[in-house]
Amino acid sequence: MECFDNTWPSSFFKNPTSASTLRLRCLLQVLFAARRCDSTMTLPNDIDLLNPPAELEKRKHKLKRLVQSPNSFFMDVKCQGCFNITTVFSHSQTVVLCGSCQNVLCQPTGGKARLTEGCSFRRKGD
Numbered sequence: 000m001e002c003f004d005n006t007w008p009s010s011f012f013k014n015p016t017s018a019s020t021l022r023l024r025c026l027l028q029v030l031f032a033a034r035r036c037d038s039t040m041t042l043p044n045d046i047d048l049l050n051p052p053a054e055l056e057k058r059k060h061k062l063k064r065l066v067q068s069p070n071s072f073f074m075d076v077k078c079q080g081c082f083n084i085t086t087v088f089s090h091s092q093t094v095v096l097c098g099s100c101q102n103v104l105c106q107p108t109g110g111k112a113r114l115t116e117g118c119s120f121r122r123k124g125d
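In numbering that gives the first Met the number 0, the protein residues as written are 0 to 125.
Don't take every hint at face value.
The following label-pair restraints were derived from C-beta to C-beta distances [as the list claims (entries may be wrong)]:
#1 SER68 with LEU27: 48 to 56 Å
#2 GLN67 with ASP47: 13 to 21 Å
#3 GLY98 with LEU65: 15 to 23 Å
Hints in this document: simulated from the structure, not taken from any laboratory.
All C-beta atoms in this analysis are idealised placements derived from N, C-alpha and C, irrespective of residue type, glycine included.
Assemble the whole structure, with the sequences as input and the hints as a guide.
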């Protein structure tokens, strides 16, 4: 759709005669260009910066979140053999053994520690 179709005489836009006419022409072109923009199109900036979605915040780097928070946590891990509960750090860099039966509870990887098959865990609160 042409932005100036049959609403203004074409000579008005082709041959401006004064500075005020030039300003009006520029203003109208900006307004019509904004109207041509699709209203359903979502730009990356079209999110609420004060209340971002939770999944968006979770994907961000720990230092680039709205409120900085670590990715690591402590958890209670229940041994599958003796049902003894041991507190384990989520990003542990050593093998964690059960205190009573010496079963392996988790093994380190490059990031988070991998729990042993069959061990249940609960994330510790603040």
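Here is what the structure says about each hint:
| no. | hint | in the structure |
| --- | --- | --- |
| 1 | SER68 with LEU27: 48 to 56 Å | holds (49 Å) |
| 2 | GLN67 with ASP47: 13 to 21 Å | holds (19 Å) |
| 3 | GLY98 with LEU65: 15 to 23 Å | violated (39 Å) |
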